[in-house]
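Residue numbers (our numbering), protein chains in the order written: chain W, 30 to 324; chain V, 8 to 324; chain A, 47 to 370.
These aren't lab readings, by the way, just hints derived from the structure by calculation.
Check each hint, because a few of them may be wrong.
Said to hold, decoys possible - Only pairs whose alpha carbons sit at most 20 Å apart, straight line, appear in this in silico SDA-like list of lysine to any residue: (1) V:Lys279 / W:Pro186; (2) V:Lys281 / W:Pro186; (3) W:Lys95 / W:Thr79; (4) V:Lys129 / A:Pro107; (5) V:Lys226 / A:Arg130.
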Amino acid sequence: MAQTQKVKARSLGQEAWRRFKKDRLAIIALCFLVLLVVAAFATLVIDLVTQGEFYDQYVVEQDLLKKLDGPSLEHPLGMDEFGRDILLRIIWGIRYSLFMGMIAIIGAIIIGTVIGSVAGFYKKVDNVIMRCMDVLLAIPSILLATAIVAALGPSLPNVVIAIGLANIPQFARIVRASVLTIKGQEYIEAARAMGASDLRIIAKYIIPNSMAPLIVQGSVGVASAILSIASLSFVGLGVQPPTPEWGAMLSNARTYMRDAWHITVMPGAAIMLSILSLNIIGDGLRDALDPRLKN
Amino acid sequence: MYKFVLKRIVMLIPVIIGVTFVVFFILSVAPGDPVLTILGDGATDEAIEQMREELGLNDPLLIRYVNYIWDVLHGDFGLSYKTRLPVSDQLLARFPNTLLLASCGIVLAIAFGIPLGILSAKKQYTFLDNVATVGALVSVSMPKFWLGLLLVLIFSLNLGVFPSQGMGEGVVGTLHSLVLPAVTLSTGFMATIMRMTRSSMLETIRQDYISTARAKGIKESQVTIRHMLKNALIPVITLCGLQFGHMLGGSMITETVFSWPGVGRYVLDSIKTKDTPAILGCVILMSVSFSIINLLVDILYGYVDPRIKSQYKAGKL
Amino acid sequence: MSEFLSVKDLVVRYDTDDAVVRALNGVSLSLQEGETLGLVGETGAGKTTLARSIMGLIPSPPGVIESGEVLYGDEDLLKVPERRMREIRGKHISMVFQDPMTSLNPVMTVGEQIAEVLQNHENLHGKEAHCRACEMLEMVGINADRAGEYPHQFSGGMKQRVVIAIALACRPKVLIADEPTTALDVTIQAQVLEIIKRLRKELNMTMMLITHDLGVVAQNCDNVAIIYAGEIVEYGTVHEIFKERVHPYTIGLFDSIPKMNEDVTRLKPIVGLMPDPTDLPCGCKFHERCQYCTEECKERVPEMVQLSPTHQVRCIHWKEVAAK
Chain W
30 MAQTQKVKAR SLGQEAWRRF KKDRLAIIAL CFLVLLVVAA FATLVIDLVT QGEFYDQYVV
90 EQDLLKKLDG PSLEHPLGMD EFGRDILLRI IWGIRYSLFM GMIAIIGAII IGTVIGSVAG
150 FYKKVDNVIM RCMDVLLAIP SILLATAIVA ALGPSLPNVV IAIGLANIPQ FARIVRASVL
210 TIKGQEYIEA ARAMGASDLR IIAKYIIPNS MAPLIVQGSV GVASAILSIA SLSFVGLGVQ
270 PPTPEWGAML SNARTYMRDA WHITVMPGAA IMLSILSLNI IGDGLRDALD PRLKN
Chain V
8 MYKFVLKRIV MLIPVIIGVT FVVFFILSVA PGDPVLTILG DGATDEAIEQ MREELGLNDP
68 LLIRYVNYIW DVLHGDFGLS YKTRLPVSDQ LLARFPNTLL LASCGIVLAI AFGIPLGILS
128 AKKQYTFLDN VATVGALVSV SMPKFWLGLL LVLIFSLNLG VFPSQGMGEG VVGTLHSLVL
188 PAVTLSTGFM ATIMRMTRSS MLETIRQDYI STARAKGIKE SQVTIRHMLK NALIPVITLC
248 GLQFGHMLGG SMITETVFSW PGVGRYVLDS IKTKDTPAIL GCVILMSVSF SIINLLVDIL
308 YGYVDPRIKS QYKAGKL
Chain A
47 MSEFLSVKDL VVRYDTDDAV VRALNGVSLS LQEGETLGLV GETGAGKTTL ARSIMGLIPS
107 PPGVIESGEV LYGDEDLLKV PERRMREIRG KHISMVFQDP MTSLNPVMTV GEQIAEVLQN
167 HENLHGKEAH CRACEMLEMV GINADRAGEY PHQFSGGMKQ RVVIAIALAC RPKVLIADEP
227 TTALDVTIQA QVLEIIKRLR KELNMTMMLI THDLGVVAQN CDNVAIIYAG EIVEYGTVHE
287 IFKERVHPYT IGLFDSIPKM NEDVTRLKPI VGLMPDPTDL PCGCKFHERC QYCTEECKER
347 VPEMVQLSPT HQVRCIHWKE VAAK
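The whole structure should be built from the sequences, with the hints applied where relevant.
Now the structure itself:
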């Protein structure tokens with residue numbers, strides 16, 4: 030009897046984590062992602078400690094003697110078109126690709142949540158806000174981001190802003206939808222009857238209850254944001270060389286593709302693996318948070 | 008039914024006005040003076056002022072927007088800042104290429120995505136299903152530009168089977184040069200369609216009416232085609248429509264990789280030269296096409312799903 | 047009357063990710079031609095699994111038929127090739143499913159859905175099949191004009207009539223009705239049962255009526271099988287089950303429904319829950335809830351005891367129970 034009670038006492042989050050743990054692929058993906066994050070922090074620490082010396086010397090400094098050298102023991106992923114170690118550049122690039130994607134999506138989630146809960150909660154403004162969101166959704170997101178970058182000028186912060194903005198509508202829609210379902214539930218009535226304010230209801234009931242779809246959409250959103258940042262950098266609208274952003278690395282590598290395959294393959298593989306792991310985690314989270322969807 | 012179609016078209020108008028305004032607004036508040044872009048830094052103040060007047064830059068934003076839309080409705084997208092030639096000529100020349108690429112892309116994506124999804128669902132948990140599922144996951148995660156470069160690396164540089172750049176002459180040449188870009192553009196979408204078809208099929212397989220159909224003693228192939236597919240493909244249709252819109256709007260990466268002479272490349276080139284009328288023209292053209300495709304899908308949906316159709320008839324939607 | 051359809055020692059399990067669900071554990075029963083058998087049990091007792099096994103519609107995976115026979119005439123339906131099974135489904139044996147809301151294909155008109163089974167088994171084409179479909183609709187009390195409408199345009203009771211029309215279109219010899227009225231309003235329930243009863247007589251069908259409503263059983267059935275945790279625990283004529291029941295579970299079932307002629311303030315529910323089919327108890331499956339339980343019940347699986355030519359019970363202490 031004691032044991033059954035223990036099982037029931039598990040929170041939704043713990044329950045989801047228990048299910049998520051069973052998904053071996055998702056765990057591998059999560060480990061890979063954690064590894065990337067740790068590596069990114071390590072590079073930040075190295076830059077701080079060496080005051081950018083290491084970065085200048087190994088990541089940016091050109092060594093034309095070694096240019097386009099293939100993978101070797103010393104440089105496992107080979108050298109790029111200016112004789113820089115591709116592995117080091119990829120590791121230093123994590124912060125641009127991965128972190129900037131996360132920042133863009135976290136920003137989009139925060140703003141989207143505010144807009145969505147306001148729209149769902151206050152009928153008066155709902156129509157106006159959602160029509161605006163519909164208009165933004167009616168523009169393909171990469172096109173919208175391109176237009177914003179075109180207006181603001183190509184640079185990393187502008188790309189992050191553009192991708193964040195382009196992603197707001199979808200999160201606003203998710204939150205609004207959950208607000209509308211949750212608003213009708215009895216326990217909201219009950220909270221109201223006890224004199225809870227709107228803000229309290231939003232913070233205590235609405236947001237926690239719309240977390241599950243937000244988390245799932247968020248993990249997929251980060252993946253697509255990384256893809257967008259890399260794409261924009263690839264076409265020259267994002268991070269500018271010599272910053273080791275993965276998309277920008279590929280863009281430069283294009284010219285030398287004929288001479289050395291590894292300089293196109295390696296950065297692309299880095300992008301693909303991170304997006305793949307985020308997508309796997311997204312799938313795993315969806316199954317864990319909403320087991321009914323699992324087939 | 009025509010009433011519903013009419014209603015949808017009317018509803019599309021504010022969306023298009025909104026979309027064009029947003030794009031116009033974003034690109035108009037861009038820092039940097041377009042006049043300097045045209046005339047260069049050495050221009051006299053007089054010349055600049057004259058140019059500003061000519062371009063209508065001294066009017067308030069809203070007036071400029073109305074004027075612009077008025078011109079666009081007459082087929083005039085303005086003059087390019089760089090070449091001083093009509094943007095509409097460029098759009099007219101390039102849009103068919105983008106449309107061709109996107110159409111081939113969606114045809115490929117549907118032709119492989121839907122059958123693979125069905126197969127994968129029917130043979131759930133088999134080797135084939137696992138391979139298809141993992142393959143789809145990898146394809147979804149594959150950056151288009153990277154896939155494009157890999158294809159060029161393998162099929163153009165090493166094997167020399169397909170051209171890596173540009174658009175060929177004549178029907179055969181065009182198709183020949185279309186293979187790699189179309190494959191590149193479609194792979195991700197193909198995987199998305201496959202995943203959607205699979206999960207939609209699995210959802211349908213569990214439905215009670217499939218048991219009813221089986222209990223009738225009809226062949227399994229009939230059960231699949233008549234009962235499962237018809238239901239399972241309804242959500243897939245929406246997805247395909249959306250995907251087609253995204254292909255049109257998102258083809259710029261693929262077009263850049265393969266130097267495909269489409270609207271997508273034009274917009275990127277124009278951004279680099281700060282050619283606002285050209286950027287505006289491209290983005291507006293693509294967004295409006297996207298909205299129109301969504302409308303078509305919406306209407307198609309009504310024809311496929313009797314439940315929605317009768318709601319239309321009852322005037323509920 | 048000859049033995050017509052019989053199930054012998056059927057064992058079915060479902061293998062899921064987490065556990066093995068033991069759905070049927072050696073079920074035997076038989077239907078004579080023209081008889082109506084009521085199959086009564088709680089939710090999860092294995093009623094639907096039994097019905098689906100007879101139809102050859104156990105979803106596999108996860109379903110596995112471990113052993114047993116389903117004899118129809120002299121054929122074992124578990125062994126006949128799929129092609130023959132398809133001939134039997136819909137033509138010889140038909141099934142009405144539990145939930146009419148979801149049993150009809152939403153994107154086909156009801157006429158098409160009825161005509162489909164006719165086209166399949168009777169080689170009827172287009173118009174003919176459509177005419178017969180309309181006749182079937184009239185037969186279940188729906189205006190033939192509505193054949194061109196879609197399921198969502200019908201109410202629940204009407205949908206169940208359509209499902210019945212589909213099941214009976216080819217005049218099958220056996221009808222398996224899996225809780226045909228559970229999902230319907232009480233007033234509609236009576237109508238649907240009336241239709242089933244009438245058509246059963248008209249077509250001289252043998253029927254297996256799955257339900258957990260003893261009232262329905264009393265009105266419609268000749269014989270009754272009580273199923274508990276994948277086993278038949280008592281099997282007899284309606285009279286025997288209603289008047290001379292001896293299994294503690296059957297008695298519990300009857301005690302838990304209100305009676306018109308007795309003045310009771312409280313109903314007597316059966317204590318406890320049905321055992322988890324992934325973790326069935328040893329011995330008699332009912333022992334945890336049984337007031338007659340002894341050590342023997344916990345260890346030994348009771349066998350079926352023949353009380354009369356028609357009455358069987360699976361209980362070690364049936365004499366004591368009967369004596370009370």
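Here's how the hints hold up against the structure:
Note on Lys279 of chain V and Pro186 of chain W: the hinted pairing holds, with a Cα-Cα distance of about 18 Å set against a maximum of 20 Å. Proposed proximity of Lys281 of chain V and Pro186 of chain W is supported: the alpha carbons are some 19 Å apart, at most 20 Å. For the hint linking Lys95 of chain W to Thr79 of chain W, the alpha-carbon distance of about 24 Å lies beyond 20 Å, and the restraint is violated. Restraint check for Lys129 of chain V and Pro107 of chain A: satisfied, since their Cα atoms lie roughly 12 Å apart, inside the 20 Å limit.
Between Lys226 of chain V and Arg130 of chain A the alpha-carbon distance is near 11 Å, which keeps this suggested pair within the 20 Å criterion.
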